[in-house]
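Trainee: Listed here are the chains, written in short residue letters.
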Amino acid sequence: MADLVKKQDNPIKSFFERDGVKQKFHELLGKRSTQFVTSVLQIATSNKLLANADPISIYNAACVAATLDLPLNNSLGFAWIVPYGGAASMQIGWRGYVQLAQRTGQYKRINVVEVYENQFKGFNALTEELDADFTVQGNGTVVGYCAYFLLINGFEKATYWSIEKVKAHSKKYSKSHASGPWRDEFDKMAKKTVLKHTLAQWGILSIEMNTAIKVDNAVVRSDDAMEVDYVDVPQKQSKEVERMQKLIEEQTTIEGLRGLQKDVPDELLDAYLMKEQELTGNNG
Amino acid sequence: MDKILNADSLLFRCSSLGYIMIDPKEKSNAEKYAEAVTNLSKLNSDYEAIKNKETKTAANKLAAIEKCKLLIKEIEPVKDERPLADTVKNHLADKYVSAYYGRETDITNKYMRKGLMVEEDSMTLYSLVTNQFFQKNIKKYSNEFICGTPDMLKDEIVIDIKSSWDIFTFYRTNKAKLNKMYYWQLQGYMALTGAKSAKLAYCLVDTPQPLIFQELNNLKYKMGVTDVENDETYATACEEMERLMKYDDVPREEKVNEIIIERNDEDIERLYERIKECRAYMNKHLFKLAA
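In the order they appear, the protein sequences are chains A and B.
Using the working numbering, you'd call the opening residue of the first sequence number 1367 and step up by one each time.
Using the working numbering, you'd call the opening residue of the second sequence number 16 and step up by one each time.
Hint data in this document are derived by calculation from the structure and do not stem from the laboratory.
Since the structure is predicted, the reported quantities are computational estimates derived from the model, not experimental observations.
A few of these clues could be false.
[Claimed, not checked] Derived BS3-like pairs: lysine-lysine, alpha-carbon spacing no greater than 27 Å straight-line: (1) B:Lys177 with A:Lys1612; (2) B:Lys154 with A:Lys1531; (3) B:Lys84 with B:Lys66.
[As the list claims (entries may be wrong)] Simulated restraints, written as ranges between beta carbons of each label pair: (4) A:Leu1415 with B:Asn124: 51 to 57 Å; (5) A:Thr1618 with B:Thr184: 30 to 36 Å; (6) B:Asn232 with A:Asp1629: 39 to 45 Å.
Backbone N, C-alpha and C fix where the C-beta goes; we use that ideal spot for every residue, glycine too.
Let the sequences and hints guide you as you build the complete structure.
Mentor: Right, here's the structure in full:
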């Protein structure tokens, strides 16, 4: 498919050949920068929509992937650059989240799996006990997804989402819930969603993990990932996120801020934690 | 779509309850009956008091008594029936067409369009002014009489947002008596959700640009402007119009006017009674046309 895009007309390639851009990737990745940029260009030029996307959005997404040290290699499934509405948006895969969690050195076990109808018996939401028989091969239809982790300090968490809950979630938070990755790679998207939710709520929130949660499903507007646009989120939901962001920004007391905690969406955890630090004077 | 064949289980939307709760301007049958009985008693006394029953006055009085008796006879069988106001009947006719023929009356206007377009902005304004996070409720509620989807529901309080068209209509809500339509709408929501109280929040937010353009276009036609670029009067009017629709200079706290409405179980009962009457009317006068 690469031949669909004429080499000489390729604005993305021209953009990535600029000295400043090359230098940026060299700062981030050192010797590996050339290989990384080549893989970005391969991805960008092999997809017609990406080839026509805003080069700066591709550059920003690539910078974030490089910062997180997540290769943009489809076969690895850590992270992707996906075209959306004339720009490049970032997608972190469930393997990417596992990778970032492992790097904290605090996870003893972490996994996310599909649960098939012949395996599933029940899930106790209070005790978080999944009654399922994973000794048998999954057969029939997938009825849900379970994410689990065990920290080295003994803290463990399991979350189970039924397939209906995943579908309702995708419908609520993604305009493209009936197309793109949600249609073509539903299981992978579902596993990512359940694991991301579990890690965001109860996992170790390292700076890299926060950044990954923030940029996931977003068009990155700056190479340091400070500005992102959730272009795929339906207007109503994006307005809700905007509303919460304004409320977080305006809080002057820690009590006021904590009153908002239960409603803070994943993509604003970063903003919430920063405000919490500001109000408690704990910047460490 | 299956046709609805009678009004027995027809649900009334909370947003339209105000229409059916309008009382007729004329006296009720019961009032007319009581008045006629009192009148008859007085006419009888007057007639008895006339010594010479052969006079023209006595004959007139007798005729009035007969007329009054006739009226009583006419009203008596329906004296306990409560006639519905014409506005109610019109609303029920629309509801019948919608239920039986699946056609809705087109009642969108610029005020409603603004309400829909800025709904989320108004909720954000309300959240910031009250320093609480609110999400739009999407759950549809219903019982055997009514149905509806309140804007927001938090801590057993129903909150309904009304986005004012402009700064003038917004400030008028400060002193105005509570709009009856909204009163009944919120009583309906409280009945459906079990909430003990409700808040009606009038919000003042900027008018979206597409609506401003529409207003400017209307202004152009109204002023008969042919040369948009060079008509200074029109340019000034446009500036004024835009100023009328944007409110950066109004302090945020002043942009919300909240009215608290307590749940009134007696009124909710009245509401259900009225719905029974409306259903009976629809079955008798409207659905019979299609039977």
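Trainee: Would you mind marking each hint as holding or not holding in the structure?
Mentor: Right, here's what the structure says about each hint:
| no. | hint | in the structure |
| --- | --- | --- |
| 1 | B:Lys177 with A:Lys1612 | holds, 21 Å |
| 2 | B:Lys154 with A:Lys1531 | holds, 16 Å |
| 3 | B:Lys84 with B:Lys66 | holds, 22 Å |
| 4 | A:Leu1415 with B:Asn124: 51 to 57 Å | violated, 40 Å |
| 5 | A:Thr1618 with B:Thr184: 30 to 36 Å | holds, 33 Å |
| 6 | B:Asn232 with A:Asp1629: 39 to 45 Å | holds, 41 Å |
Comparing the model with each earlier hint shows a violation of hint 4 alone; every other hint is respected.
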